[in-house]
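Student: Please build the complex by placing chain B on the supplied structure of chain A, with the hints as guidance.
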Amino acid sequence: MISNDTALMAHLLRRAGFGASRDELEKYLAMGYDGAVETLLNPSDPGNMPDDLIRRYHVEQSELRDLAGSAAYWMYRMISTTSPMEEKIALFWHSLFATGYAKLNQARSLLNQVDMFRRSGLENFQDLLLELSRDPAMILWLDNNENHGTAVNENYGRELLELFSMGIGNYSEDDVKECARAFTGWTLGNAEYMAIRAAKDSIWPYGRIAWHFEYRDEDHDGGEKTFLGETGRFNGEDIIAIIVKQESTARFLATRLFEFFAADKVTEAGEKVIGEMMATYFSSGYQVRDMLRTLFHSDYFRSEEARFARVKGPAEMVVGAIRMAGNYQNPALGIEKVSNAMLYMGQGLLQPPSVEGWHEGLEWINSGALVERVNFAAKELSNVKSPGVRSIIDRLEAGSKNGVIEPTDLADRCLDLLGPIQVSEDTRSVLVDYATRQGDLHLAGHQPGDEAEQRVGNMLRLVAATKEYQLA
Amino acid sequence: MSTQTQSPSIALDYVKTIGIVNNGLNGRGFANPYDTAVDSDGNIYVLNRCDPARASAIRVGVCNLDEEYLREFGRGNGSGDGQFIWVVAMALGSGNRLFITDEYNHRVTVYDTGGNYLSHWGVAGSGDGELNGPAGIAIDSTGSVIVVDQHNSRVQKFTDDGKFIAAWGSFGSGEGQFNLPWGVAVDGQDNVYVCDWRNDRIQKFSNDGEFLAAYGEPGYGEGQFQRPTGVAVDPEGFIYVADWGNERVQVLGPDGGFQLLLHGEATVSKWAEDYFASNPEEKAERDSANLKPDLPSHLNTPYHVSSQTEPYFWGPVSVTLDSQGRLYVAETNRHRLQVYRKR
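Chains as they are written, first to last, in numbering that gives the first Met the number 0: chain A, 0 to 471; chain B, 0 to 342.
Incorrect hints may appear among the rest.
[Stated by the list, open to error] Incomplete in silico selection of chain B near chain A, CB under 7 angstroms:
1. R48
2. D50
3. A52
4. R226
5. Y274
6. E284
7. R285
8. A288
9. P292
10. L294
11. T300
12. V304
13. Q307
14. T331
Bear in mind the hints are in silico, worked out from the structure with no lab data behind them.
Every residue gets a Cβ at the ideal spot worked out from N, C-alpha and C, and that includes glycine.
This is chain A alone, in the form it adopts within the complex:
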């Protein structure tokens, strides 16, 4: 019988991370739920594959000329991190503040944006919006380099309000114009040269040149502006200070966090939690970490209702399976194929489909993507040479009587060690029937890759193909 503590911790780690191997789960269980929440929310000195090793073996991830190597670089980080929440919050912001490679042709700057999400993503939302507004990838993505004191381009100002903070219906067209005016002169260094290189996808003569923020006071409209009922000679910082005071901003942010970390659908009980997160937003001075703490400690989040209430996104699916299998712990040929697998499932890192990011939840699932998801996870988890799978086999043997495992136990223990994953009775009976056809499993004296081990691999493959494995 799986304890509620174990199931709850696994649930937390699916949301604040990418799921957990049993070793990882036990480490967090030893902290207790409160301790685990604090550890996850306060990443300090995270361990991950060191940059020097990545750069030594992967020239493409050092230079970052192309998209494939750049996405793979982030994959390594997600796969190897000991602070999964840091990557998860970066992924959240990457989806919300969606910035794509195709228009920019500048992966280093996109990855610098992701670094910013890691650095500031759990901190003060006002500071984060300020950093976002100064982010050169975002500036070029939404044309703020074309937003001049004498010729306003509203693109960034509009999306800042509509997609990044308040949501449509909570401001006027005049507010958009005034907002845009306040961000005139916020551009990137060597903007004209970098813009032409981006537009031409120029790598010549010596490869990419990364970007940095530049403020051009002479290009800023310093005149009086009226924004959301307040009037002054506002610059961008003043606009953001007004935005973050709005209730609509609190609701927008709380809802998006809830949908990413708690459930695809907001129920009545979910609405109550969102209200609590909004209250925390104001009482904490706009701290994202505190909002998430409120969420993770809520009765709703801890209840069975919230478990498996989200469809895993492709990043969660791919990274979760690799972490469980224990693969790619060192630089290896083929990592770009893993990030490509995510792309085929509908989520290419650094290439969101538009500024609106990805449509999540059930929209992740279509027949093509489902086949990719199942095939990928099944392949990773059925390879009995993978260290994580070997660890599962060892645990199965250690928990058996003299190495003998009855078919029902084989199904239940595999479901447990891959999650624990809760499945319907129908799903469970399919797994048990499959195991029963081959009788008791004899693991005593097993050798790498032998028939007994392969039976475990086959059961893990079958679990990876269940409907329930698609859920987080």
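Tutor: This is chain B only, laid out in the frame that chain A set:
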């Protein structure tokens, strides 16, 4: 640009930049160069590591100081005769032979300078003569081939047809121990200098492996290193180090004392001039840009500075000397060589 001690015994003048990124599968330009060799006729051989998108055309390109692109050779990506997967380094031996290490195939492949595949030797393993990730390679005055056997944490010496002669080293940070070593060079007395990459130092050995000295420690200051990758020693004993993680080159005196730093000062190569001649609008914007910008504090690491400062070294992975005292610095991320000359 260089930074020197108050009374350096050596001076280097910037000569020129050779190169342009090659985004295709052949022709003029470089694709993530990892090492160079220069023959007595002044032909410059550039070992292109190539990223995965261009791995099918992994190759050696040949040019000269006048920036003429002469030819290229290789048999593509793989483990067949003459093929490569992850090339690391190259050394020019007698008989116009180029010895090229491949850290994925665990072997040394030999071509002649005309581009003809001759042989390969080495098998994966940890026994005498077996290799696990061969990296740096150098040839001493007797023709013996010194190979850095990175994952076995040792240096091995072979005859030029791959027969095992000697090995030394083990994993660790003590004298004569290594942590993922990379580049190697020999001096005029056949002493062996090894870039002890993850220990951030250069170790000097006699030709038969006796530990003589270690230079450097982890850090960003003068005489300190971050992951040194390449080393060369000139006839006077000056030691040139590709201080890769610090995105710079350091020159040490024969006693290992700091002499000077190079940060790189690349100019527009002849091939780059050709590009701009046919892209005048891009050239016009470039001419009004500041290619050495001041950067925000969070981007002030050597890697980030170099990613935004085109004239500086970015990924300076190897240093090679020619017989005229010229120094060739190969930059992986910038697909070019910056050439200096000893005054």
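Student: It remains to establish, for every hint, whether it holds in the given structure.
Tutor: Right, here's what the structure says about each hint:
Taking 7 angstroms as the C-beta cut-off, the interface hint given for R48 of chain B holds, the closest approach to chain A being about 5 angstroms. Because the smallest distance between the Cβ of D50 of chain B and any Cβ of chain A comes to about 4 angstroms, under 7 angstroms, the interface hint for this residue holds. The beta carbon of A52 of chain B is positioned within 7 angstroms of a beta carbon in chain A (closest approach about 6 angstroms), and the interface hint is therefore held. Here the hint on R226 of chain B is kept, as its CB sits about 5 angstroms from the closest CB of chain A, short of 7 angstroms.
Look at Y274 of chain B: its Cβ gets to within about 5 angstroms of chain A, closer than 7 angstroms, so that hint holds up. A least Cβ separation of about 4 angstroms between E284 of chain B and chain A falls short of the 7 angstroms threshold, and the interface hint therefore holds. A cut of 7 angstroms between beta carbons decides the hint on R285 of chain B: the least distance to chain A is about 5 angstroms, and the hint holds. Using the Cβ-Cβ criterion of 7 angstroms, the hint placing A288 of chain B at the interface with chain A is satisfied: the shortest such distance is roughly 4 angstroms.
Residue-level restraint check for P292 of chain B holds (minimum Cβ-Cβ distance to chain A is 5 angstroms; threshold 7 angstroms). For L294 of chain B, the interface hint holds, since its Cβ comes within 7 angstroms of a Cβ in chain A; the closest pair sits about 5 angstroms apart. Annotation: T300 of chain B was flagged as interfacial toward chain A, and the flag is violated, the nearest CB pair being 10 angstroms apart, outside 7 angstroms. Among the interface hints, the one on V304 of chain B is violated; its C-beta lies about 10 angstroms from the nearest C-beta in chain A, farther than the 7 angstroms criterion.
At a threshold of 7 angstroms, the smallest CB-CB gap from Q307 of chain B to chain A is about 5 angstroms, leaving the interface hint in force. The criterion of a C-beta within 7 angstroms of any C-beta in chain A is met by T331 of chain B, whose closest approach is roughly 5 angstroms, and the hint holds.
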